[in-house]
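J.: Read off the chains here:
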Amino acid sequence: MRGRLLESIAGLGVMGLLLAILTVLVVIPFGMLVYASFLTAVPFSGERDLAFTLANYTDLWSANLGRAFINTLIVSIGGSAMAMVIGGGLAWLAARTDVPGKSLVHLAGVMPLFMSLLVAAVTWSLLGSGRSGYLNLIFDYIGLPFRIQMQSLWGITFVHGLYYAPYPFIFLYSALTLVNADMEEAAAVHGGTMARNLRRVTFPLVKPALIGSFLLSVVLMAEDFPVPQILGAPVGIETLSISIYKLMSVVPAKPTQAAAASILLTLVVFVLIFVQRLVLSGRDYRTLTGKGAQVRPIRLGRWRWVALGLVVLYALVAVGLPMLALLQGSLRSNLFIRDAAALFDTSQMSLVHLKAAFFSPAFHDSLINSVLAGVTTAALGSIFFFTLSYVVNRTTLPGRQLLEYLAMTPIAVPALVMGLGILWTWVRAPLPVYGTLAILVIAFLTRFLPQGYRTVSSSIRQVHDDLESAAMVAGATRRRAIMTITMPLIRGGVVASAFLMVVLGLRELTASLLLYTTKTRVLSIVIYEQYVNGNWAQVSALSLIYTSLLVVLTLAGRRWLRAQL
Amino acid sequence: MSIQIAGLRKRYGESLAVDGVDIDVPEGKMLVLLGPSGCGKTTTMRCIAGLEEPHEGEISINGRPVFSRAASVNVAVHERRIGMVFQSYAIWPHMTVHENVAYPLDMANTPRAEKETRVREALALVGLDGFGERGASYLSGGQMQRVALARSLVMRPAVLLFDEPLSNLDARLRDHLRVQLRELQTQFGITSVYVTHDQREALAIADEVAVMQGGKVVQRGDPVAIYRRPKTSSIADFLGYSNIFDAHPVEGGSGLRVALDGQDAVLETLDPLPSQGPISVCVRPEDIHIQPEGASDGPAGNEIEGEVTLVSFMGAFHQCRIRTPRGAVWEAHASAMAQPIRLGQRVRLILPPAAVLLAPRL
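Sequence order for the protein chains is H and R. Those letters in the first sequence? Residues 1 to 565, per our numbering, in order. Those letters in the second sequence? Residues 566 to 927, per our numbering, in order.
Excised from the complex, chain R in its bound form:
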């Protein structure tokens, strides 16, 4: 089973919610559509399910077209054999857990004995055996999402769609369910599309990530590539590069050097210069080392001095904000194990050249 989408367009009145999306999801893989709200990721997914009708484009599931504007094909939602897990869970509150999970089988007129077995299996799979007769409205959020998952799996769907399935759950439960979800997906090898705005979740669960902005897919790649090499400064911003500054290349020295606009800093980088247009320097806070001023070790390289204006303990590290003499604010993570950083302290930030990313300013 695979999904191919070509030239997908969907308008709402004047605005284009989806503006020419092309996507391939190979059999058994999980594609994550990642982007801020309003970027068109949910609309794209709803077009796959058939809940929205695109204005242009083609969608095929396993080589069979389910939508094609050109060929006038539009398979009805209920004939697409899709499993979908909604952000709102969409558990029917007037039914029991068993009735919820059995619903797709009822719609397919599955024989009674087979139905019972499959419902039991599906509930066991998500760890809800014994919950069958429970009223669905008496479940907790996590349990509801498990029921939704069981309901999607029970019909042995061609593809599985996840619409921000974890965003209504608390942090601990979210991590737990995410792992379980990924396990089930790989175990059964179900081709899946997963929509989220949470970059951590996206990277953790995906075989491939497609970053969407303004109705377009702006970058695709495996999670590591997406994490390490965002294509533009705005993608970098969305992916957690919290230090993004305008810069321009400068002559002299060995290797490539860039000067930050409005700051007295020139940084060395290993990154190649983007072919054209203005550039930004993007640095992840966890790639920066913080040193108390005065403590000097190693050769002086990419260094920035400033004063600590915020220290926030995050468990594994301290999140710090550092203000340079010319007013720029940097964010850096100090290891919780190292010498503690104090508010108001003067520090030096060390940026390894490999951590300094150059991206077109967009």
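So here's chain H without its partners, still in its complex pose:
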């Protein structure tokens, strides 16, 4: 009985610790925001007379915010529609047709994930803003009467659609490969024509994945910050996240009003997530994979080459052009470009900016910071996510359901909002966290908590209960059983989540932007700062290096990342 008692005390201790960590990571920052949104000043900011007020909310109802709300809807719904067409089309081609070069289609489907949205937005602003956008120069040169303007609502929508296409692709590809095995053949055996089978069998089966990935895209775009900040803010176009950031960065700042706007954005996102959950009702289409039963692919005939052409076109527009633009931007010795001919004039090119970027202390320091923050997040995250997943899935401790809810909450909290909450939680805290990399690690842990938890959790669930029971029956204590049996068996899942943390941490901009100080710049921040300073050559050079780093990392770890993004 003494052993049992100790074990249950230990269990409750672990439970309490996990709850405390989740409270610090998730509950307090968000609670702080809600609290602040009803006050005249930010709590614990040194302000003496805090009073309750609804003014933060009533002041929000300006024409400006209404406009931002509508803009948010336009760029997220329009962008999602475009992402669905691209991602869905690629998924269908890859899963169901005899398109040549299937591995290329696969690659095109996930490739844009290599690009951080910051870099994507920056390069598209290089390619298509104003007269000196590279594409406009080329249009002028070949005599086309038409110009593109990326710094517009359409520009934001376009970039969203282009770079969020991998999400619907991953969802729908899984759903389509899952469906094809028996059900369509059964429908065909029972005498349906192809068109009727598509409508009566395939579509209803894929519908949850369609709606689910559409809503997911809308959520991601609605809370996105880098793209509207770079393509919208300079020309006065605001989305909700831009409004929040502006409220924080104007002088004097209006932090409590920013808090109120954050609550509004969170509500929008929360409703969308809720609907998505309702539609998917617990089915995770990405983890269901087909049995691999090869059914006869649909023959495209002559159209297969047209399809391949479209795939290549997408890859060129989403990845090829931006990389060329970055190369061009970083190789130019001076910024002014007279015409398209100058784009190809090698006498105007030099390696000076690339060299400068590569050997600059800013790059080194931020690289070290990025790696430090990413690796620390990964290391702490692995232990934390494992303990969390184990307690939720393998014990009968009271409150484990609550742990899971808390762990999944950050999905519904936009990065900017979470960053704000974390900032206010730690800026006055008696612990020396603000101004160090620790606060970035905290922010990353919070932001990537749902992905990390889900990855480790699903690998724990794949390990049969009996394996651990057998070890205990064979004479192992629970702790020893975990160490010798469960841990080694789910190492793959833990490594995958650790790797995911590093990559996501490297790409993170939004929360970092609110939390960094001059000593704790990370790579994405340095690029953003150079962009704000208008130093295009450095922006291009750094982006080029940054993207190469992401490509190498993603390719190296693609077998771990496949299912997780």
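It should be emphasised that the hints constitute simulated quantities derived from the structure, not laboratory data. Using N, Cα and C, we set each Cβ at its ideal position, and we do this for glycine too. Each hint should be verified, as a subset may be incorrect.
Said to hold, decoys possible - Residues on chain H that point at chain R, a partial pick, calculated with CB under 10 Å:
(1) T395
(2) P398
(3) A476
(4) T477
Given chain H's structure and the hints, the job is docking chain R onto it.
T.: For chain R alone, kept in the frame of chain H given last:
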């Protein structure tokens, strides 16, 4: 070594999975817990192992209490010295066969030389000598179950628990392993509890069978008694009495006679009438003789006429279904050696009075 269980209760939320189970397993014997899924048999076994904590009751192994709600005793799983073979095999896929089998000895800090000898012996016992360095995930289902058995035997456990150990194997392998398992158990005289839903397996392997329904032990006895004398109609149904019909006793004649409800049949039986309540007639299909209509031999006794609606060849016999004029369907086995029975044929079923069992309708 013996196992005593008294007043065991285990709740899951509102429902009682185990509802007051009392069991004794004498030293060296094999008790089989038999019942449909959800009857509480696996939960009972997991309580013995210590993998579940009962809400009430007492469990002792060889006179030493390992769980007692009243006395606040609850010995941890790893201190109970139990061997257990799981339905899912629970072979650790990241270890070799040798590592799997050596694991319990490692946990007990057994000296190296002794460990090697005992692992070798255990592997030899289950016919896996030479498999030691094989990765456990490269084994077939039957081999995995042998490894699991070796792993349970190597620690010389106080008791052995088997949780449906054969149900994931194909039929031929199942028979083979069952025999081997029983041999090893009797050879070493290990007190064992075996859980299954397969009545054939239960009867073949048990010293004693406890039939469970709804969290309770509803009948206990040696395999022959269980086979011949199920206590209620629902136990009979579970034990392969495929002809169960409502009936009531009728007056007249010598001996006890019962009339089947809704059928024009009155049957003579040697069974005593259950003391109270409604009764059912239960007849095993293999106890019924089938005769083509017209062929008449012997005195007319328990006879039922009907038409053959199904003939299915089972090797040793033909499984037949016979529909009576009033729509009742009987099942009977026709010897494969006898004159073949054809579909649609009109036949007469002969039921020896000794084969007609009366049981309380439950």
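J.: Give a verdict on every hint.
T.: Cross-check of the supplied hints:
no. : hint : verdict
1   : T395 : violated (13 Å)
2   : P398 : violated (13 Å)
3   : A476 : holds (5 Å)
4   : T477 : holds (6 Å)
Hint check: violations occur at hints 1, 2; the rest are consistent with the structure.
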